[in-house]
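Chemist: Below are the chains, spelled out letter by letter.
There are 2 protein chains.
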Amino acid sequence: MNTGLSVAIVGATGAVGKEFLRLFESRGFPVGKLTLLASERSTGKTEIFRGKAYRVEAVSKEALQGIDVAFFSAGASRSREFVPAALEAGALVVDNSSAYRTDPAVPLVVPEINADAIGPDNRLVAVPNCSAIILLVAVNPLRKVGTIDRLIVSTYQSASGGGAAMMRLLEDETRAVVNGAELPESPLNTRYAFNLFSHNTAINEFGYNEEEAKVIFESRKILAMPDLKVNITCVRVPVLRAHTESVTVEFAHKAPSIEEIRAVLSTAPGVKLVDDRQANRFPTPLDASGQGEVLVGRIRQDLSNPNAICMLVSGDQLLKGAALNAVQIAESVLGVSRV
Amino acid sequence: MNTGLSVAIVGATGAVGKEFLRLFESRGFPVGKLTLLASERSTGKTEIFRGKAYRVEAVSKEALQGIDVAFFSAGASRSREFVPAALEAGALVVDNSSAYRTDPAVPLVVPEINADAIGPDNRLVAVPNCSAIILLVAVNPLRKVGTIDRLIVSTYQSASGGGAAMMRLLEDETRAVVNGAELPESPLNTRYAFNLFSHNTAINEFGYNEEEAKVIFESRKILAMPDLKVNITCVRVPVLRAHTESVTVEFAHKAPSIEEIRAVLSTAPGVKLVDDRQANRFPTPLDASGQGEVLVGRIRQDLSNPNAICMLVSGDQLLKGAALNAVQIAESVLGVSRV
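Those sequence lines, one after another, are chains S and Y.
For what it's worth, our numbering labels the leading residue of the first sequence as 73, then goes sequentially.
For what it's worth, our numbering labels the leading residue of the second sequence as 73, then goes sequentially.
Do not rely on the hints blindly, as some may be mistaken.
[Unchecked claim] Here are the computed lysine-lysine pairs in the DSSO-like style, where the Cα-Cα straight-line distance is at most 30 Å:
1. Y:Lys105 x Y:Lys124
2. S:Lys301 x Y:Lys326
3. S:Lys133 x S:Lys105
4. S:Lys117 x S:Lys133
5. Y:Lys344 x Y:Lys301
6. Y:Lys133 x Y:Lys90
7. Y:Lys216 x Y:Lys326
8. S:Lys90 x S:Lys344
9. Y:Lys117 x Y:Lys133
10. S:Lys216 x S:Lys301
11. Y:Lys301 x S:Lys301
12. Y:Lys216 x S:Lys301
13. S:Lys326 x Y:Lys301
14. S:Lys90 x S:Lys133
15. Y:Lys90 x Y:Lys105
16. S:Lys216 x Y:Lys133
17. S:Lys105 x S:Lys124
18. S:Lys326 x Y:Lys326
Note that these hints are calculated values from the structure, not bench results.
Start from the sequences and build out the full structure, keeping to the hints where you can.
Modeler: Below is the structure:
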C-alpha cells in the first residue's frame, strides 16, 4: 500500500468527491495512501475505493500533514481555511473552488488549453468554474483557424452544479410533482421540477450573477485574452449532471468555413463531435453524462453576422467541469500519464 | 343561445383547442353557437363549455358552413385542406398553423404589434410561431427607444410546443425515471425526461431547424423589418407549458439605458416586468404558465457590446404563444372588446 502517492480529497462525500474516487480507479491515478476528509457533518461516513471502505475524517491542519496531493472540493471558504495548511505541509494542491481563481499568482488551468501556465514553483493550481471549462474546451481549438473577438453564451446548467443536495432536490421535487404529493422543503425561491431559473447567485451592480461574472473573468484568464468580449446568461434547467451551452463565436474577420471548424474540432483534445444534421443528432446533457469529453454540434454559420458561427456544447459538470479536470491537472504536474 | 357568433374550433381536442374554450369563457368572447371539430380520430369526444358538453365532430367542408369565426389549430396540412372551405363559407379564419404565414397576402399578427396589418378585406389572419410571438412582445416596445439592428436568441422551449402528446410524453417518461420503471415508447431520438435537445424539426441546408427558420422569417414580417438580423438557437427543455428565451438586442447605436428599457417595458401591452435583482426574482416558465402576459426580466447592459442589452423572457406557449393571440386577433377584427 505504500507505493504511490499520499492523496487526500477534501470534500470526499460531495458529488464531485465521489467522482474523484471513480476517476482514480479508471485512470490508474497512483494512489498509495488515501485520506478522505470532509466537514464535521460528514465525519464517520465511509466511501469505497478499490473495493475497500475508507472512513471520512474531519478536515483539519493535522489531517493534511504528509499529504502529497490534495484535491479540494468543499467550497471556497473551506479552501481558504485549509489550502494554506496543505501547501505548508508540502502538498500539491488542486483546488476546485473559486477561492484562488482570481489570484494572479495561481494558475487557472484547463490542461488541454493552458497546462503551460503551471510553472515549476506552482504548488497550487485552481480548477476553473464548470461552465467556463465546458465552454472553453469547445472554443479554444477555434483559435487555430481564426482570431476570436467575442463569445455569446446562454447556458442550460444542470442540478449537479449545486452539488449532491441540489440533485436530490430536483429528484425529490419531481417525484412529488408527478405523484401529486406535497413538495419537499427547498432553499430556492422557485420550484425546480419542470421549471428553470436564472442562476441563483447574487447579482452584481451590472446585473450579472456570480456564475456569469466567473465565466467572463475566467475565460479571459485561461485563454490569456484580457480583452475578450463575453456576453453570458446563466440559467439552471431541470437536468441532473451535464451542462449545455448555446454558443456564438464572433471572429475579428470573416468566420472560418463550417468544414474548417469541424476539421479542427474533430481532432481537438477533449472534444467529441456530435453533429449529424440528417439524423437530428446533436449534443444532449444525457449523452454527455458520464463522458470525459465535451460534446460539440449544431455547428453552423451565424446568419446574422458573416464573422460568426454558432454551436451547441454539452459536458459533464462533475467530470470535465470539475473532478476530471482536477485529476488531469495533477497528472500534468506530476508527469503521470493516464493508464 | 343564438345571440352572438357561430364559432368553430378546428383541433378542439388539442392542448391549444382546450385553451380556446377557457379563453372564450374568461374573456366573454361572444360565442352564440359553438362547433367543435377535429380529425376522425377524436370524433365523438366531448369538451365542456359554459357547463355544457359539446360533441366533437369530424372536420369537413360541410361542417364549416354557416360559421362566422373559425379558429384553426390542427396543424398545417389540415389548415391547407379546410381553411379555403371556411373562407368560402364566409368565415373569419384565424389560423394557428404555419400554412399561410409566409403568404404575402395573409397578415401575420401579434395584436400588440401589428393589428394594423389586417386590412378591411382580410378574412384570413395567421397566428405566428409561439417562440416568435413571445420574443417580439418583449422586443417590439424597445423600438420606441432605439433602432434595433440584431436579435440574438437562445430558446428554452416547453413540451407544449409539441402538443398534448409531447406534454404527456414528458410526464410519463419522468414518472418512469423517478420510479425506476421502463421508459414509455417515444417518437423522439433521445430521452426527454431530465434532458434537453436541439429542436426536433428538419435541418435546412444552412444548418437551421424549421423552428429557427420560422422565428427569423416571422420576426421580419411581423416587425416589417425585412433586413432584421436574427441569430437563433431553438432548444427543447423538460418544462411543460411556457417558453423561456435568453435575448440580446443589439441596436444600431449606443443602447438605451436600463432605466429607459425598464420604463418602456413597464407600460408595454402584454408585458409584465419581473426584474428584482435583490430578491433574485426573474421570469420562470412556471410563473408564466397560465398567464396571458409575457414576463420580462434580467434586463442588463451587454458587457461585450455598448450597443446591446440582454434580457430573459418567459411566456405561456399555449396562451400568448397560441390560443390567446388567436382570440385577440379575432377580437381586434370583430371590434369586440374584452369583458
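Chemist: Indicate, hint by hint, whether the structure satisfies it.
Modeler: Quick rundown of the hints versus the structure:
no.	hint	result
1	Y:Lys105 x Y:Lys124	holds (12 Å)
2	S:Lys301 x Y:Lys326	holds (17 Å)
3	S:Lys133 x S:Lys105	holds (17 Å)
4	S:Lys117 x S:Lys133	holds (20 Å)
5	Y:Lys344 x Y:Lys301	holds (26 Å)
6	Y:Lys133 x Y:Lys90	holds (22 Å)
7	Y:Lys216 x Y:Lys326	holds (14 Å)
8	S:Lys90 x S:Lys344	holds (24 Å)
9	Y:Lys117 x Y:Lys133	holds (20 Å)
10	S:Lys216 x S:Lys301	holds (18 Å)
11	Y:Lys301 x S:Lys301	holds (20 Å)
12	Y:Lys216 x S:Lys301	holds (28 Å)
13	S:Lys326 x Y:Lys301	holds (17 Å)
14	S:Lys90 x S:Lys133	holds (22 Å)
15	Y:Lys90 x Y:Lys105	holds (17 Å)
16	S:Lys216 x Y:Lys133	violated (61 Å)
17	S:Lys105 x S:Lys124	holds (12 Å)
18	S:Lys326 x Y:Lys326	holds (24 Å)
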